[in-house]
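Colleague: Residue numbers (this note's numbering), protein chains in the order written: chain A, 193 to 546; chain B, 193 to 546; chain C, 193 to 546.
Heads up, a few of these hints could be off.
As the list makes no split between identical chains, a pair holds if one copy fits it or if it spans any two.
Said to hold, decoys possible - Straight line, CA to CA, 35 Å or less: simulated DSBU-like cross-link-like pairs of lysine-lysine:
#	residue 1	residue 2
1	Lys506	Lys371
2	Lys506	Lys265
3	Lys396	Lys196
4	Lys396	Lys506
5	Lys196	Lys506
6	Lys196	Lys395
7	Lys506	Lys395
8	Lys371	Lys396
9	Lys395	Lys265
Since the hints were derived computationally from the structure, they do not count as laboratory data.
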Amino acid sequence: MFIKNTWYVAAWDQEVSADGLFSRTITGVPVLMYRDGAGRLVALEDRCCHRGAPLSVGRREGDCVRCMYHGLKFDPSGACVEAPAQARIPPQARVRTFPVVERHRWIWIWMGDPERADPALIPDTQWLDHPDWRSLDGYIHYDVNYLLIADNLLDFSHLPFVHPTTLGGSEDYASVSPKVDRLPDGVRITRWTLNTEAPAFAKKVREWPGLVDRWNIYNFTLPGILLMDSGMAPAGDGAQEGNRAGAIEFRGCQALTPETETSTHYFFAHPHNFSIERPEVTASIHQSVVDAFDEDRDIITAQQRSLSLAPDFKMVPLSIDAALSQFRWVVARRIEEEQQAAGASGVRPAQAVA
Amino acid sequence: MFIKNTWYVAAWDQEVSADGLFSRTITGVPVLMYRDGAGRLVALEDRCCHRGAPLSVGRREGDCVRCMYHGLKFDPSGACVEAPAQARIPPQARVRTFPVVERHRWIWIWMGDPERADPALIPDTQWLDHPDWRSLDGYIHYDVNYLLIADNLLDFSHLPFVHPTTLGGSEDYASVSPKVDRLPDGVRITRWTLNTEAPAFAKKVREWPGLVDRWNIYNFTLPGILLMDSGMAPAGDGAQEGNRAGAIEFRGCQALTPETETSTHYFFAHPHNFSIERPEVTASIHQSVVDAFDEDRDIITAQQRSLSLAPDFKMVPLSIDAALSQFRWVVARRIEEEQQAAGASGVRPAQAVA
Amino acid sequence: MFIKNTWYVAAWDQEVSADGLFSRTITGVPVLMYRDGAGRLVALEDRCCHRGAPLSVGRREGDCVRCMYHGLKFDPSGACVEAPAQARIPPQARVRTFPVVERHRWIWIWMGDPERADPALIPDTQWLDHPDWRSLDGYIHYDVNYLLIADNLLDFSHLPFVHPTTLGGSEDYASVSPKVDRLPDGVRITRWTLNTEAPAFAKKVREWPGLVDRWNIYNFTLPGILLMDSGMAPAGDGAQEGNRAGAIEFRGCQALTPETETSTHYFFAHPHNFSIERPEVTASIHQSVVDAFDEDRDIITAQQRSLSLAPDFKMVPLSIDAALSQFRWVVARRIEEEQQAAGASGVRPAQAVA
Numbered sequence: 193m194f195i196k197n198t199w200y201v202a203a204w205d206q207e208v209s210a211d212g213l214f215s216r217t218i219t220g221v222p223v224l225m226y227r228d229g230a231g232r233l234v235a236l237e238d239r240c241c242h243r244g245a246p247l248s249v250g251r252r253e254g255d256c257v258r259c260m261y262h263g264l265k266f267d268p269s270g271a272c273v274e275a276p277a278q279a280r281i282p283p284q285a286r287v288r289t290f291p292v293v294e295r296h297r298w299i300w301i302w303m304g305d306p307e308r309a310d311p312a313l314i315p316d317t318q319w320l321d322h323p324d325w326r327s328l329d330g331y332i333h334y335d336v337n338y339l340l341i342a343d344n345l346l347d348f349s350h351l352p353f354v355h356p357t358t359l360g361g362s363e364d365y366a367s368v369s370p371k372v373d374r375l376p377d378g379v380r381i382t383r384w385t386l387n388t389e390a391p392a393f394a395k396k397v398r399e400w401p402g403l404v405d406r407w408n409i410y411n412f413t414l415p416g417i418l419l420m421d422s423g424m425a426p427a428g429d430g431a432q433e434g435n436r437a438g439a440i441e442f443r444g445c446q447a448l449t450p451e452t453e454t455s456t457h458y459f460f461a462h463p464h465n466f467s468i469e470r471p472e473v474t475a476s477i478h479q480s481v482v483d484a485f486d487e488d489r490d491i492i493t494a495q496q497r498s499l500s501l502a503p504d505f506k507m508v509p510l511s512i513d514a515a516l517s518q519f520r521w522v523v524a525r526r527i528e529e530e531q532q533a534a535g536a537s538g539v540r541p542a543q544a545v546a
Numbered sequence: 193m194f195i196k197n198t199w200y201v202a203a204w205d206q207e208v209s210a211d212g213l214f215s216r217t218i219t220g221v222p223v224l225m226y227r228d229g230a231g232r233l234v235a236l237e238d239r240c241c242h243r244g245a246p247l248s249v250g251r252r253e254g255d256c257v258r259c260m261y262h263g264l265k266f267d268p269s270g271a272c273v274e275a276p277a278q279a280r281i282p283p284q285a286r287v288r289t290f291p292v293v294e295r296h297r298w299i300w301i302w303m304g305d306p307e308r309a310d311p312a313l314i315p316d317t318q319w320l321d322h323p324d325w326r327s328l329d330g331y332i333h334y335d336v337n338y339l340l341i342a343d344n345l346l347d348f349s350h351l352p353f354v355h356p357t358t359l360g361g362s363e364d365y366a367s368v369s370p371k372v373d374r375l376p377d378g379v380r381i382t383r384w385t386l387n388t389e390a391p392a393f394a395k396k397v398r399e400w401p402g403l404v405d406r407w408n409i410y411n412f413t414l415p416g417i418l419l420m421d422s423g424m425a426p427a428g429d430g431a432q433e434g435n436r437a438g439a440i441e442f443r444g445c446q447a448l449t450p451e452t453e454t455s456t457h458y459f460f461a462h463p464h465n466f467s468i469e470r471p472e473v474t475a476s477i478h479q480s481v482v483d484a485f486d487e488d489r490d491i492i493t494a495q496q497r498s499l500s501l502a503p504d505f506k507m508v509p510l511s512i513d514a515a516l517s518q519f520r521w522v523v524a525r526r527i528e529e530e531q532q533a534a535g536a537s538g539v540r541p542a543q544a545v546a
Numbered sequence: 193m194f195i196k197n198t199w200y201v202a203a204w205d206q207e208v209s210a211d212g213l214f215s216r217t218i219t220g221v222p223v224l225m226y227r228d229g230a231g232r233l234v235a236l237e238d239r240c241c242h243r244g245a246p247l248s249v250g251r252r253e254g255d256c257v258r259c260m261y262h263g264l265k266f267d268p269s270g271a272c273v274e275a276p277a278q279a280r281i282p283p284q285a286r287v288r289t290f291p292v293v294e295r296h297r298w299i300w301i302w303m304g305d306p307e308r309a310d311p312a313l314i315p316d317t318q319w320l321d322h323p324d325w326r327s328l329d330g331y332i333h334y335d336v337n338y339l340l341i342a343d344n345l346l347d348f349s350h351l352p353f354v355h356p357t358t359l360g361g362s363e364d365y366a367s368v369s370p371k372v373d374r375l376p377d378g379v380r381i382t383r384w385t386l387n388t389e390a391p392a393f394a395k396k397v398r399e400w401p402g403l404v405d406r407w408n409i410y411n412f413t414l415p416g417i418l419l420m421d422s423g424m425a426p427a428g429d430g431a432q433e434g435n436r437a438g439a440i441e442f443r444g445c446q447a448l449t450p451e452t453e454t455s456t457h458y459f460f461a462h463p464h465n466f467s468i469e470r471p472e473v474t475a476s477i478h479q480s481v482v483d484a485f486d487e488d489r490d491i492i493t494a495q496q497r498s499l500s501l502a503p504d505f506k507m508v509p510l511s512i513d514a515a516l517s518q519f520r521w522v523v524a525r526r527i528e529e530e531q532q533a534a535g536a537s538g539v540r541p542a543q544a545v546a
């Protein structure tokens with residue numbers, strides 16, 4: 193059960209090459225993506241309407257794609273425009289298309305009602321291709337439900353335990369509660385840690401004279417988009433009041449896209465605005481994030497296995513769960529609204545993963 | 193859900209050796225096949241009636257087979273004739289037997305009511321062991337429902353797309369609609385293509401002065417038996433009127449036998465009546481067929497995976513599907529008849545794979 | 193469906209080391225076992241009450257274990273005693289504990305009502321650590337329901353067929369019916385075979401002047417504990433009347449513990465009271481048992497596969513099944529009693545594996 197009327201990240205732009213056929217399952221639906229001769233994106237359901245063969249094992253022909261089972265050819269609108277040995281092509285011979293928008297390196301897709309696919313709703317990730325910022329493209333495939341990853345991104349308390357040598361810093365760090373603000377479609381987390389030690393990854397890229405003031409401020413919004421303003425400045429320099437001279441800054445961009453109920457695409461990058469002429473710094477930052485996310489994946493995958501053995505398990509909520517509980521509530525409410533709008537009376541509201 | 197009262201091909205004769213135990217699952221039922229001292233076939237359910245151990249991991253003893261768990265011995269009638277440490281053998285201690293007939297290299301089995309197992313109903317495949325014809329034994333295991341393979345065998349339109357360099361020939365070839373005749377238990381396909389280019393495999397075995405007249409005439413009948421008269425002759429020599437001098441001819445024999453709902457045994461051979469003194473020609477023909485069937489298996493397996501993700505998928509029927517739709521209708525009707533005859537009121541009619 | 197109020201063998205004592213975390217699933221429940229500073233056993237549900245992460249990938253801290261997802265720390269009573277960034281620990285923040293008793297090398301666990309966990313109910317396996325006896329530790333993991341293994345341990349008729357060169361001896365051996373006595377919680381098997389040939393494994397460890405008198409006397413009791421007095425003495429020396437001079441004796445200890453409905457832990461040892469100063473004799477005896485049990489596992493696993501394909505299969509009971517039928521009846525009755533005691537009206541009685 194997934195939210196339909198929302199923009200999901202479907203791919204990094206370079207994953208869909210100029211002349212290839214790229215298939216990825218999004219919210220349980222296999223989607224074929226390719227580019228027409230002008231480079232514009234096309235997204236079709238990756239399943240021929242005739243006998244169900246995947247179009248992604250078919251063949252590009254101009255701006256069209258031909259199913260290589262019986263030769264039906266589909267244009268970018270999803271219409272079948274050629275059917276060998278067939279006198280008349282029936283009008284229902286078409287495959288579903290999906291609105292797609294390419295913006296700042298990410299390809300966004302709308303799996304719901306195309307009428308409602310307003311590109312203005314796409315979150316701003318300008319740092320992914322802004323000339324003053326640098327990052328590398330990140331992608332991890334998870335064999336877990338996306339909400340377990342959302343949980344992970346919405347609590348700080350796991351940092352010193354899951355990431356002791358990467359993101360975590362000292363264990364004291366976990367004792368500072370973040371400020372949690374509700375947003376209409378998610379949560380805003382604000383966290384300032386003053387006079388603390390710089391974490392391992394920051395020491396790799398800069399010498400610090402002493403302690404630092406450190407911040408993480410991020411919105412985590414539907415369907416699973418995390419946009420973070422984070423960084424650190426020498427302690428006492430007034431970063432919290434707006435002075436970011438001497439700071440190192442990041443604009444983390446992360447997106448969770450459900451593949452199926454038990455698997456997830458995780459897109460991420462960690463743009464930084466310092467040392468941008470040094471590719472090895474960008475690579476080092478990226479690797480630090482990848483290392484930390486691999487740690488997350490290990491524990492979350494263990495958690496998913498454990499939960500799958502105990503379908504009746506009831507989590508004991510703690511106050512550290514305020515943010516993730518708020519986000520799960522927003523997700524559940526949105527799914528319920530969509531079901532009601534669909535007139536799906538009798539359909540029970542979406543249930544979050546226990 | 194399979195047709196019961198019909199002859200299925202269970203094996204090539206040489207698969208069941210003189211003294212071995214051969215096990216194969218047919219329509220979901222594990223069957224043990226072996227030969228008695230006179231070489232006659234025995235087919236027993238491959239599951240001891242006592243505690244369910246497979247007899248095929250047991251031991252031949254004369255014309256009997258002994259279960260190597262607790263030592264029960266069964267004779268070719270399925271009766272338990274020895275049970276160690278057991279004073280009296282209860283009459284219900286027997287395993288099911290199946291009528292089997294060995295004919296023209298194929299072993300046919302009847303999974304339904306033995307009373308109705310009339311060998312006269314077995315299709316004629318005399319070319320498999322006729323001295324004037326040559327072929328090699330073919331077998332492919334598919335991880336798909338058998339009806340998806342039946343579909344494939346009942347349309348020509350896929351030939352130029354799935355088999356461009358093997359069976360397909362030019363793409364024009366797909367634009368000629370075959371003649372489809374209904375049979376009581378299947379479909380008859382007749383297709384003459386005049387003045388066309390000889391396909392790749394034919395060029396491997398003979399030089400052709402120019403274009404050819406090509407024919408494929410086959411019956412595809414329950415439960416999934418394809419018997420084909422095909423070949424080609426120099427264009428204009430009058431092959432369509434009966435003159436087959438100068439022709440090369442084939443009598444393709446193919447049989448689909450469901451293993452389970454999602455897997456299928458595919459037996460085939462492609463006897464030819466020319467160059468029969470040259471084994472390399474027979475090998476080349478066989479390899480061409482195997483290559484083409486491997487192409488079919490690739491696309492059909494992709495199709496099955498795609499369909500399994502979309503249980504509600506509705507195929508859009510095209511006119512090229514006339515033959516396969518007819519065959520699916522015959523299958524569904526036969527299963528329904530068997531259910532009604534079994535007095536299975538309340539059991540819903542068989543549903544073809546969407 | 194498993195019996196809850198009974199002692200199961202959870203592990204060999206050395207599997208739970210002084211400072212490690214050992215996880216094993218018992219009757220479908222993942223259990224974490226470890227030792228406190230005094231070496232006493234602790235058994236906790238291996239699933240953090242907070243978000244379900246397995247505690248076994250956590251960290252020992254003194255006598256406690258810390259979940260390495262969010263840092264909750266649990267003491268040996270299962271109570272959460274620390275939760276970082278959490279002002280107050282809610283009283284329901286605890287994980288389930290299980291009574292465990294370490295006795296004669298085996299760790300016994302009680303998965304039911306802790307109030308009823310009386311250590312006096314634990315069967316006596318003193319030979320596992322008695323100075324006059326020697327054995328090696330045995331463990332096999334089975335991918336079958338535990339009742340199929342119980343069946344195997346309760347019939348002699350399979351010995352000459354499954355174990356012709358290991359335990360079986362001559363095939364005549366199977367024709368002697370054991371005496372079967374009902375016990376309140378199981379079965380007692382008594383079998384004397386006089387004037388028979390010593391089996392292969394016995395010949396490996398001693399020269400025998402001629403035939404032997406051989407006995408196997410064992411109790412097989414709930415939940416799946418086999419304690420055997422077996423051995424052999426020179427024929428005619430009066431072993432059956434109590435004279436065991438010149439005999440070689442064993443006290444086999446075996447325990448079946450369900451892991452899931454389709455997998456089982458099998459603990460075993462075969463203590464002997466002769467040649468105890470010769471480790472190679474102990475090793476040889478152990479290897480003989482392991483070889484025989486591997487033979488059992490092969491046939492039982494084949495049986496499980498066969499049965500899983502035929503959910504409606506009805507076994508044909510034979511008189512050789514008297515003991516195993518009695519044991520299955522005891523199991524079914526006990527599960528039914530537990531269900532009735534739980535007031536689980538409407539819950540159907542446990543069904544043995546067909």
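Colleague: Now tell me, hint by hint, if it's right for this structure.
Modeller: Hint check results:
Within a single copy, lysine 506 and lysine 371 get their C-alpha atoms as close as 26 Å, which meets the 35 Å cut-off; across copies the closest is 50 Å, which misses it. For a Cα distance limit of 35 Å, the shortest separation of lysine 506 from lysine 265 across copies, 19 Å, qualifies, whereas the shortest one inside one copy, 51 Å, does not. For a Cα distance limit of 35 Å, the shortest separation of lysine 396 from lysine 196 qualifies neither inside one copy, at 42 Å, nor across copies, at 55 Å. In this assembly of identical chains, lysine 396 and lysine 506 lie within 35 Å of each other by CA distance neither inside one copy nor across copies; the values are 41 Å within and 57 Å between.
In this assembly of identical chains, the alpha carbons of lysine 196 and lysine 506 lie at most 35 Å apart whether taken from the same copy (27 Å) or from different copies (21 Å). For the identical chains of this complex, lysine 196 and lysine 395 are neighbours neither inside a copy (42 Å) nor across copies (54 Å), given an alpha-carbon limit of 35 Å. Neither within a single protomer nor between protomers do lysine 506 and lysine 395 lie at most 35 Å apart by alpha-carbon distance, with minima of 40 Å and 58 Å respectively. Proximity of lysine 371 to lysine 396 under the C-alpha cut-off of 35 Å is restricted to the intra-copy arrangement: shortest distance 28 Å within a copy versus 75 Å between copies.
Taking identical chains as interchangeable, the C-alpha atoms of lysine 395 and lysine 265 lie at most 35 Å apart only when they sit on different chains, with a minimum of 30 Å there against 56 Å within one chain.
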